[in-house]
Amino acid sequence: SCSMDSKEVSLPLIHEHLMMPWNDLRKGDCCGRLEAISDGYYCKSCDVFVHKRCGDECSEFIEHPCHSIHTLKLVGGNKIKPGSHYCDLCGKRISVNICYHCKICDFDVDLYCAKNPPPEVIDISETHHHKLTLFKERIEFDCDAKCGKSGDGFSYKCHECDLSFHVDCVWNPEEATHLSEGQPPDYSDGKCRLCGREIDELFYHCYLCNFTLDMHCVLNPPRQSLLELKAHDHQLTLLPRLDSHDHRMSRTSVLGVLDAICGVCWQKMNWTYGGYSCQRCHDYVVHSKCATRKHVLDGKELKGVPGDPEVVEPYKIIDDNTLQYFSHKEHYLRLHRNGFFWEEFKRCRACTHPIDLQSFFGCMECDFILHKTCAEFPRKIWHVLYNKRLSLVTSEDDIYECYACQRMSNGFRYQREDKVFDVICGTIAEPFIHPSHLHHPLYYIPQVEERECNGCKELASHLLTCIEDGCGFFLDFKCATLPQVVMHSIDDYPLSLCYGKDTNGKHWCEICNRETDIKTWFYTCKDQHDSFHIDCEIEDFSGIMPASTIDVLSKSFKVMLNNGVSRPFCSSCKSHCMYPIMLKRLGTSDTYVCSASCLSKVLDPINQIGG
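Numbering-wise, the UniProt record's numbering puts 524 at position 524 of the sequence shown, and it's gapless, one number per residue.
Hints in this document: simulated from the structure, not taken from any laboratory.
Just so you know, not all the hints are guaranteed correct.
[Claimed, not checked] Within a straight-line C-alpha distance of at most 27 angstroms, the following computed DSSO-like cross-link-like pairs (lysine-lysine) qualify:
#1 K115 x K157
#2 K131 x K73
#3 K289 x K316
#4 K584 x K601
#5 K601 x K558
#6 K501 x K555
#7 K346 x K131
#8 K136 x K27
All values derive from a computational prediction rather than experimental measurement.
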């Protein structure tokens with residue numbers, strides 16, 4: 001630590017002695033936490049350090065929304081013993097001798113939570129598919145976040161999945177940054193993501209992203225751009241994320257990599273044998289036989305051929321909350337943060353799914369909407385099922401069938417020649433982590449014969465596979481991309497994906513009234529008394545944008561939500577249309593279609609769906 005200024009200041013609410021401005025990286029004796037900004041005040045005689053923010057912003061009395069019935073008073077010194085009180089907002093032991101206190105209710109709040117109270121309910125849909133509720137009881141629990149550590153304070157709980165999380169693992173206010181000390185978590189590589197150096201003592205870490213920064217890079221961040229370099233004539237720009245450029249492989253007679261794993265079949269390789277290796281990623285190697293498989297090799301010799309062009313971003317950033325998307329340049333899109341209201345009738349133009357609880361970019365002048373995650377999908381990709389680069393196509397006029405999951409859609413797609421993938425299947429990458437099989441990652445390995453999918457129990461050839469010996473877990477792309485939560489198509493309450501139950505007895509789908517095999521995956525409500533066929537909730541037309549018009553074999557149809565007071569009759573099966581989305585033939589008053597099989601019959605005599 002070092003002195004900033006010799007001029008002493010008085011902070012009578014926090015400490016009895018005069019203090020001098022100071023810079024220190026240790027925990028503050030004010031809130032008991034590490035702060036990103038190390039400015040503060042120090043009493044040399046008592047060895048007390050106070051963060052500048054805590055010292056400058058605290059008041060003797062506060063009206064706090066979490067305890068609105070009484071005023072809270074700042075107490076400290078001999079009136080409170082460190083470790084003898086618990087914060088009634090986060091459940092943590094107050095490790096310092098200062099806090100806000102209500103004498104009438106014996107209610108205590110530490111200085112940090114007084115400024116940053118944890119919300120009662122949060123949504124972290126990028127990590128967990130249900131809302132999390134703050135459980136205000138001090139219990140012992142094992143955190144289900146990546147930290148894996150036990151806890152004994154308040155926790156955020158998912159009551160549907162029976163999971164518990166440390167407050168700090170799943171919620172951090174945007175303006176607050178936390179330091180950690182000691183060793184990085186075991187699952188990380190122990191290195192700073194900016195400079196690549198080994199972490200030593202103090203560091204910043206995000207458990208959700210597995211992102212770590214050392215103190216050197218925090219206090220001395222690299223410049224955003226460099227110009228007038230001796231080594232290069234053009235300006236260089238810092239890319240604050242991992243480089244996603246594709247790398248070329250070259251043949252080598254001796255791999256020289258111990259304990260190597262083939263990047264195609266995911267089996268061990270003998271380092272003394274030859275194979276293909278990446279010159280930029282030294283630990284990425286592939287068997288010669290695997291690298292020359294038809295689905296891997298495109299047959300082009302790249303020696304002497306210039307590299308692929310630079311990756312083009314799908315959007316231009318206007319400001320922190322605004323962007324211009326490449327296919328919607330006429331208007332700007334504004335970011336809307338995660339909400340607490342299920343947005344069923346707003347749909348993403350890319351994946352065509354409801355916005356639900358996710359953050360999204362909405363056009364400031366029209367109804368163009370993209371999930372935040374979908375807006376970030378790259379414009380060009382490689383896919384495990386195809387050995388040529390695919391391009392993002394954003395036209396919504398044509399209906400197509402995804403090569404991976406065989407679902408119909410008219411949303412954005414990745415396409416080259418006759419191979420078409422919807423954006424959800426198109427962005428599946430290895431290793432693939434699925435909530436039904438969290439203990440092992442999944443990989444695509446070509447199968448000699450069809451295998452049974454663990455989700456739907458149907459045979460499939462394109463499968464994501466667990467490579468652990470004796471595991472035998474397979475998942476087809478249709479089941480791998482099912483939404484974890486959907487809204488009931490009739491009664492408007494959330495349903496969660498259940499990964500099957502090994503029980504006896506008969507169960508009936510609440511939509512079609514046919515028997516449900518609950519040993520396969522199905523959707524269910526919170527108490528799991530009701531079951532719903534996946535095909536009844538995610539039906540044939542669920543991937544087609546409502547209110548759009550599609551052409552099938554030169555016949556035009558309007559895509560409609562089936563949410564009227566009465567349900568129309570399907571022109572083919574002569575039954576009421578029971579599914580959430582249906583088609584209506586343009587130019588007619590009563591020609592409705594409820595499913596893909598019924599559509600093929602309506603298009604008779606050609607008994608198939610074309611495009």
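Each hint, compared with the structure:
| no. | hint | in the structure |
| --- | --- | --- |
| 1 | K115 x K157 | holds (23 angstroms) |
| 2 | K131 x K73 | violated (33 angstroms) |
| 3 | K289 x K316 | violated (42 angstroms) |
| 4 | K584 x K601 | holds (14 angstroms) |
| 5 | K601 x K558 | holds (17 angstroms) |
| 6 | K501 x K555 | violated (43 angstroms) |
| 7 | K346 x K131 | holds (19 angstroms) |
| 8 | K136 x K27 | holds (25 angstroms) |
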